[in-house]
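Residue numbers (our numbering), protein chains in the order written: chain A, 2 to 275; chain B, 2 to 275; chain C, 2 to 421; chain D, 2 to 421; chain E, 4 to 345.
It should be emphasised that the hints constitute simulated quantities derived from the structure, not laboratory data.
You may find that some hints are simply not true.
Stated by the list, open to error - Among chain D residues calculated to face chain C with C-beta under 10 Å, some are:
(1) Gly350
(2) Leu385
(3) Ser389
(4) Thr397
Claimed, not checked - Listed next, the in silico DSS-like pairs over lysine-lysine satisfying Cα-Cα at most 27 Å (straight line):
(5) D:Lys168 - A:Lys109
(6) E:Lys317 - D:Lys168
(7) E:Lys233 - D:Lys168
(8) D:Lys260 - E:Lys309
All C-beta atoms in this analysis are idealised placements derived from N, C-alpha and C, irrespective of residue type, glycine included.
Each chain, written out:
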Amino acid sequence: MSATPLLEVRGIDKSFGPVQVLRDVALTVHPGEVTALVGDNGAGKSTLVKCISGIHPTDAGEFLFNGEPVHIGNPRDAAALGIEVVYQDLALCDNLDIVQNMFLGREKRSGIVLDEPTMEQLAAETLAGLSIRTVTSLRQHVSSLSGGQRQTVAIAKAVLWNSRLVILDEPTAALGVAQTAQVLELVRRLADNGLAVVLISHNMNDVFAVSDRIAALYLGQMVAQVKTTDITHAQVVELITAGRSGGLGLATDAGTGGNGNGAQPADSTSGGHR
Amino acid sequence: MSATPLLEVRGIDKSFGPVQVLRDVALTVHPGEVTALVGDNGAGKSTLVKCISGIHPTDAGEFLFNGEPVHIGNPRDAAALGIEVVYQDLALCDNLDIVQNMFLGREKRSGIVLDEPTMEQLAAETLAGLSIRTVTSLRQHVSSLSGGQRQTVAIAKAVLWNSRLVILDEPTAALGVAQTAQVLELVRRLADNGLAVVLISHNMNDVFAVSDRIAALYLGQMVAQVKTTDITHAQVVELITAGRSGGLGLATDAGTGGNGNGAQPADSTSGGHR
Amino acid sequence: MTTTAVRKGGPAAVTPPPTVGGHVRNYWSRVRGGDVGALPAVLGLIVLCTVFAVMRPSSFLSAGNFANLFTQGAAVTLIAMGLVFVLLLGEIDLSAGFASGVCAAVLANVVTVLGYPWWVAVLAAVATGLVIGTGLGLLVAKIGIPSFVVTLAGFLAFQGIVLLLVKEGTNISIRDNVLLAIANRNLTPTLGWALAALAVVGYAAVQLLRHRTRLARGLITDPIAVVALRIGGLAVILGTAVYVLNLERSRNVLFSSLKGVPIVVPVIAVLLIIWTFVLQRTSYGRHIYAVGGNREAARRAGINVDRIRISVFVICSSMAAVGGIVAASRANSVDPNTGGSNVLLYAVGAAVIGGTSLFGGKGRVLDAVLGGAVVAVIENGMGLMGYSAGVKYVVTGLVLLLAASVDAVSRRRAAATGTR
Amino acid sequence: MTTTAVRKGGPAAVTPPPTVGGHVRNYWSRVRGGDVGALPAVLGLIVLCTVFAVMRPSSFLSAGNFANLFTQGAAVTLIAMGLVFVLLLGEIDLSAGFASGVCAAVLANVVTVLGYPWWVAVLAAVATGLVIGTGLGLLVAKIGIPSFVVTLAGFLAFQGIVLLLVKEGTNISIRDNVLLAIANRNLTPTLGWALAALAVVGYAAVQLLRHRTRLARGLITDPIAVVALRIGGLAVILGTAVYVLNLERSRNVLFSSLKGVPIVVPVIAVLLIIWTFVLQRTSYGRHIYAVGGNREAARRAGINVDRIRISVFVICSSMAAVGGIVAASRANSVDPNTGGSNVLLYAVGAAVIGGTSLFGGKGRVLDAVLGGAVVAVIENGMGLMGYSAGVKYVVTGLVLLLAASVDAVSRRRAAATGTR
Amino acid sequence: GGDSGDDQASSAKTPKIGVILPDSKSSARWESADRRFLEEAFKAAGVQYDIQNAQNDKTAFQTIADQMITSGVTALMIVNLDSGTGKAVLDKAKSQGVATIDYDRLTLGGSAQYYVSFDNESVGKLQGEGLVKCLTDQSAKNPVVAYLNGSPTDNNATLFKNGYDSVLKPKFDAKEYTKGPEDAVPAWDNAQATTIFEQQLTKANGKIDAVLAANDGLGNAAISVLKKNKLNGKVPVTGQDATPEGLQNILAGDQCMTVYKAVREEAKAASDLAVALAKGEKKETGQTVKDPEGGRDVPSVLLTPKAIYKENVKDVIADGYVTKEEVCSGTYAKLCADAGIS
Ligand SMILES: Nc1ncnc2c1ncn2[C@@H]1O[C@H](COP(=O)(O)OP(=O)(O)OP(=O)(O)O)[C@@H](O)[C@H]1O
Ligand SMILES: Nc1ncnc2c1ncn2[C@@H]1O[C@H](COP(=O)(O)OP(=O)(O)OP(=O)(O)O)[C@@H](O)[C@H]1O
Ligand SMILES: [Mg+2]
Ligand SMILES: [Mg+2]
């Protein structure tokens with residue numbers, strides 16, 4: 002674990018019309034670590050990810066990347082910082098084939114011409130590492146893929162690049178047994194190579210198997226961010242479903258949107274609202 | 002377990018253009034039982050479900066419902082037989098709200114006018130049984146729901162009706178811990194009430210927790226259909242990934258599309274191709 | 002900022018707006034969140050009217066001009082109302098304009114050439130619309146030709162049929178008084194007031210009944226004060242409109258008197274109410290939205306998608322027939338250009354300006370009326386400006402753009418907050 | 002039926018079609034599976050040509066008529082080629098027709114009224130197209146007005162601008178020989194053969210190079226025999242066409258000789274190759290498909306969606322300018338109807354008939370050419386039939402429907418197998 | 004804009020004349036000639052006026068009429084798009100006490116106080132006679148004559164056709180001439196006319212010896228195809244409207260003749276009547292036209308159109324209808340000089 006976190010977000014508020022989905026959320030992500038983001042359905046996990054990756058503008062909050070304040074206005078900004086995301090709603094172009102989707106926005110070229118052979122080779126290699134055995138052709142449109150195959154393409158797309166932070170929103174939800182194992186192994190390998198990884202999952206076994214830290218969202222508030230070794234399975238489930246567990250989590254039921262977590266040093270600074 | 006199966010399909014072939022996805026598949030579903038359908042990514046589980054529910058026409062094969070031969074040409078035919086399906090690619094109308102989606106195609110009416118209050122009440126009650134706590138309003142468009150919330154709406158939609166066979170394609174993939182438990186409990190309850198339930202899942206714990214029988218697909222072939230009590234966790238994983246396990250599964254690697262399963266009585270009849 | 006717990010309890014837990022203030026706040030944050038409803042179109046309309054009122058104060062703002070507005074926009078609005086149904090499915094009907102021409106030509110032939118009474122002619126015209134719509138719908142839904150191509154073929158063929166029906170280059174006059182009255186006469190002032198009162202009372206009854214039912218079932222409902230406000234609002238708007246239209250607007254009262262609500266106004270109003278009811282309160286309407294939003298999901302829900310697709314073309318062509326009848330009545334005749342020139346583009350434009358999406362799943366019949374009003378105001382206002390032909394086209398385009406950008410900018414937040 | 006294991010091995014495991022027979026079988030099952038490519042449009046075209054050839058054997062099948070076909074369809078085809086880009090994003094450009102009119106009017110003014118040389122005029126016309134496209138694109142992408150409304154406003158405004166540019170109703174003649182040559186003159190027979198040979202050699206080089214690269218990398222590739230077959234096919238088609246066009250088609254050889262490939266043919270061919278290259282082989286083209294297929298996914302992949310949206314309008318209007326230049330050349334003059342009447346509908350129709358989707362994400366520039374050919378054949382054939390105006394419209398509509406249903410029926414299996 | 008009127012209600016008593024022109028595309032005359040000459044005449048008479056163009060759209064036509072009545076015109080002059088709308092407008096105006104004039108086109112069954120026009124049938128007649136003259140000059144034997152009629156939706160096109168048919172039909176019947184292909188050109192669209200004529204030529208296997216084109220635009224379309232087939236100058240083509248382009252084609256020998264309508268005179272006559280009516284005066288025209296539908300004798304001023312051949316192109320220029328600069332540009336300067344245009 003290194004001293005400066007790779008990404009630090011503070012005081013994030015986000016509303017959709019009358020509904021406030023995130024309130025004063027803070028999150029710290031360290032390089033070389035897998036941070037698991039857990040929370041109930043509708044807690045705001047995907048929304049938080051989309052705020053970080055520049056898809057949704059935030060109502061308030063600040064982003065520090067490598068200790069520097071940054072502004073992420075759209076997905077291009079995020080990509081420029083080296084942030085790669087696998088979204089829960091996969092966001093593949095159904096009218097393009099597997100290779101085209103995997104290299105979308107960052108096509109390999111020779112001159113101005115697309116370098117299809119290179120892309121096809123790279124795609125094949127990456128997919129081979131993800132145990133997907135039933136894809137008939139890499140030139141198949143993604144609309145004809147099974148749920149798990151689509152998921153795999155989205156994951157493969159994100160790990161193709163030399164990024165610094167990889168965020169995976171429920172990447173194994175549609176995957177089979179072998180494929181899930183491969184992805185978890187991949188996640189671990191990425192972190193071991195020095196990348197920061199954020200993993201969203203509802204599967205506690207997976208979370209405890211690969212993560213270094215666990216951050217728990219409850220009804221749009223960050224109720225805890227602790228080391229995986231410092232917390233038990235049961236405690237996490239309690240945090241997810243009730244918002245607190247023992248000393249962790251919300252102080253009172255209708256408290257000010259505090260970040261009652263144990264492992265976050267910059268806690269006091271994130272109280273300010275803009 | 003009753004004598005005549007509620008649904009029996011035999012000799013199903015299905016190709017998409019040059020790719021044959023299902024070959025000579027047979028499946029038997031009994032009322033009062035949960036039949037788990039397992040298989041690797043791309044094995045053809047969702048395709049089989051879509052053939053049963055009339056979404057895809059089959060190239061060959063026959064359907065027996067309650068022992069009677071039936072033709073299922075489109076989803077309306079399936080609905081008329083009392084077959085309800087939760088699809089993996091949920092198929093909700095993003096431009097409609099939760100209540101409208103749940104009653105789509107079977108709206109409650111008083112006279113010719115839609116009976117909105119009744120529908121709203123029924124929807125609220127059904128959703129309440131599925132532990133979804135973060136839905137702001139039942140009049141929210143489903144496009145604004147989180148992944149798990151959408152999943153829950155789709156499940157709630159399927160169980161609203163007095164059906165005889167409920168098929169759920171990876172229903173818990175996006176669900177949180179508590180919601181998953183609720184859905185599994187619901188699945189069990191449906192079967193105990195005498196319905197036939199088909200559950201597709203990649204999670205072996207869930208499969209063993211609720212199912213009475215397990216049917217395994219491998220590369221488009223049905224390699225086994227056995228009682229859950231007759232098989233072990235490891236054996237199922239082996240069937241999924243390799244297509245056979247001990248005496249179960251494919252006889253040879255390139256065998257004729259046989260149904261080498263133990264628990265299916267009408268095995269010999271399903272060999273005929275049309 | 003202290004945050005109160007907004008969400009708790011069961012799945013139906015909602016922030017109930019129990020007070021008027023709360024309701025207003027709720028509405029405002031909905032608007033800010035992009036759920037703007039009719040607001041942008043109305044704003045666009047207000048901007049337009051202001052512009053024209055400033056430039057031509059006496060003529061644009063006169064009672065006579067206000068009455069003209071309705072008859073001028075009626076045919077396009079009626080065709081646009083039918084088009085909304087087709088657009089809701091993400092289809093298009095390019096032939097609607099000339100379909101209205103064909104129906105008008107049938108009307109004229111039956112009433113003038115063959116000499117049948119007016120109601121036979123009207124029935125014949127609407128029946129023609131039904132047949133046309135069925136044909137188009139079958140080709141689209143059963144054979145699977147894209148609606149753009151089918152209706153482009155219809156656009157050409159119907160143009161030819163109109164020509165054949167009116168015998169190449171001449172025109173057929175309409176002399177029947179009932180038919181002529183539709184677009185040219187007015188209700189008596191008393192009848193105008195009576196209909197307005199009926200509308201307000203009916204609206205109040207529906208709203209209050211709904212309020213009571215929902216309260217009784219324990220469902221969330223708007224506070225009674227808001228309901229009363231809505232009813233009051235309608236009463237004020239209708240009252241003002243009827244009052245203005247009942248003013249004397251003859252240029253020369255000695256010659257003749259001219260006052261009252263134009264007959265097309267209740268015609269449009271009744272059709273608006275009927276079609277809105279169909280779309281919002283029947284399962285048929287619900288299915289239209291479903292097929293438009295996600296055809297595959299609708300099919301999986303057991304909806305007979307083909308039937309829905311055919312039916313919208315039938316509705317569209319029938320409304321085109323009604324539009325054609327009004328156009329024929331207004332022109333006192335039918336000629337080969339009836340339903341031609343810009344009628345179709347204006348009708349589709351009206352629906353789109355009102356807020357109906359070309360991609361299906363989003364739209365209301367009211368959109369057609371509001372958008373039709375925008376188109377009518379532009380035509381009406383431009384008619385008062387006295388530009389030469391070229392300049393007039395250019396300015397019309399710019400004014401349309403102005404109205405549309407007011408609309409677009411006020412919808413802006415929708416995209417910003419991700420609610421689309 | 003014995004099933005051999007079709008799928009095994011790693012993710013890139015595919016059934017390689019190593020033999021010609023295998024390749025043919027593979028193609029056929031792809032067609033049966035709904036992946037039909039250009040086949041339906043070509044079938045429709047064949048049916049149309051057969052119908053006209055049977056009804057008017059001597060005149061329809063003459064070399065002269067074959068040459069006419071190209072010049073008659075050129076302007077619509079060029080505009081349709083640009084429209085494909087806009088349609089690929091699921092947008093529409095209703096103003097393309099009159100935009101071509103504006104550009105043609107600029108051309109005529111610069112060359113005839115101001116007396117500049119032809120190339121200045123062409124540059125001015127294309128520059129006008131660029132400016133128009135940029136304006137439309139900015140309004141759509143930056144202000145967020147639906148493209149239907151923006152281009153409807155453009156449709157009106159440009160109509161006015163054409164009127165103003167041609168001084169409200171007069172024609173401006175074009176007397177410049179170079180400009181007149183574009184749509185009215187032919188290549189010399191030798192040059193025709195040379196260009197055809199060049200095209201075949203170029204195609205062969207590209208195909209063989211690609212084949213070699215893929216083989217070298219160990220990727221799946223078509224068997225060399227199939228590649229050779231394709232090259233041979235192109236050679237035969239081009240050879241026949243050039244041969245027929247190089248036949249003498251003057252009515253009276255004593256007066257003058259008339260033979261060779263019309264100049265518009267290489268113009269269209271070059272633009273077809275350029276734009277196909279852009280769409281299929283550059284990342285810009287890839288991004289157009291991505292934005293059209295799923296705008297949100299494209300945005301998330303870091304594509305600058307606004308820039309893409311603006312650029313397609315620029316391309317569309319520039320191609321409209323080229324179409325306008327050809328139209329002006331063909332008519333020897335520019336009048337207020339240039340780019341008006343049915344030009345726009347025919348152009349969009351051409352793209353859609355060719356197989357481009359109105360919903361975005363699906364289409365090729367070749368579609369515009371094939372669809373343009375369908376439209377041109379219909380107009381050409383109908384011109385030989387000698388019907389009265391009314392009957393002609395009706396029959397044109399029906400013939401269009403015929404061509405489209407051949408297309409729809411041959412696409413049928415696509416829907417049946419679920420591959421769309 | 005030509006609206007010289009202020010927008011005040013007080014203007015109700017002062018005379019104000021509204022004019023509705025039909026379109027700007029079927030013929031160049033409406034916007035480039037009629038508007039100009041009417042404006043000149045009204046300005047000279049010192050009355051307020053408002054001239055608008057309905058762009059071939061009946062709805063717009065009625066809307067403009069409504070607006071003019073609303074804005075207080077005292078006399079309304081219309082060129083109807085068809086008799087139905089025309090009648091509706093005239094009747095409405097009459098019921099509001101507004102005086103009315105039919106300009107150029109008679110509204111059948113209408114109620115206009117005056118009718119001022121060229122005789123459209125005689126325009127067609129001149130075209131027919133012109134074609135016969137050119138063919139006779141060429142001493143053509145049994146020539147094949149193709150027709151390019153005007154818009155099928157335009158009643159005037161029918162009237163022109165009646166005119167030239169009255170001249171040519173006897174020739175066809177007498178087997179002196181052969182009737183070639185005949186097509187109507189939708190919306191008078193020149194681009195479509197090009198294709199239509201090209202197909203006529205293909206259909207006739209190149210055997211077309213004369214083209215009766217209903218106006219100069221259609222004529223030019225035919226000429227462009229003839230040029231392509233190197234037949235220009237050998238096949239006489241007619242026209243109408245005396246546009247600069249048509250006159251140039253005549254000078255170059257590609258077009259046989261055009262029909263010139265002295266719009267200035269027509270405009271002058273109409274504006275005189277309108278000014279009188281607007282002031283509440285009555286004027287005698289000494290001539291009437293029978294309305295076949297209403298059975299009414301409408302007081303009329305009828306002007307005669309004039310056939311223009313190479314010899315008298317200069318008359319059009321001398322009249323100020325087109326300028327010498329418009330016609331005699333570039334290569335045409337020499338041709339102009341040859342034709343005696345100075
Ligand atoms: N575009 C939107 N408009 C309105 N509300 C939204 C929108 N997107 C999300 N929400 C709401 O925000 C809340 C959080 O959604 P989010 O998708 O972040 O949940 P999540 O934690 O990812 O849940 P899950 O585990 O089910 O994926 C939900 O209540 C959802 O209804
Ligand atoms: N419409 C289609 N066109 C072509 N191929 C298809 C189509 N639908 C599915 N396939 C192919 O059929 C195979 C089986 O797909 P299916 O969706 O049934 O898998 P599955 O067992 O449900 O997998 P998962 O667990 O990933 O959901 C896959 O290889 C897929 O690529
Ligand atoms: Mg989520
Ligand atoms: Mg599946």
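A quick look at each hint next to the structure:
1. Gly350: OK, holds: D:Gly350 within 10 Å of chain C, min 5 Å.
2. Leu385: violated, 17 Å
3. Ser389: holds, 7 Å
4. Thr397: Holds, about 5 Å.
5. D:Lys168 - A:Lys109: violated, 52 Å
6. E:Lys317 - D:Lys168: holds, 22 Å
7. E:Lys233 - D:Lys168: violated, 31 Å
8. D:Lys260 - E:Lys309: Violated: D:Lys260 and E:Lys309 sit about 41 Å apart, past 27 Å.
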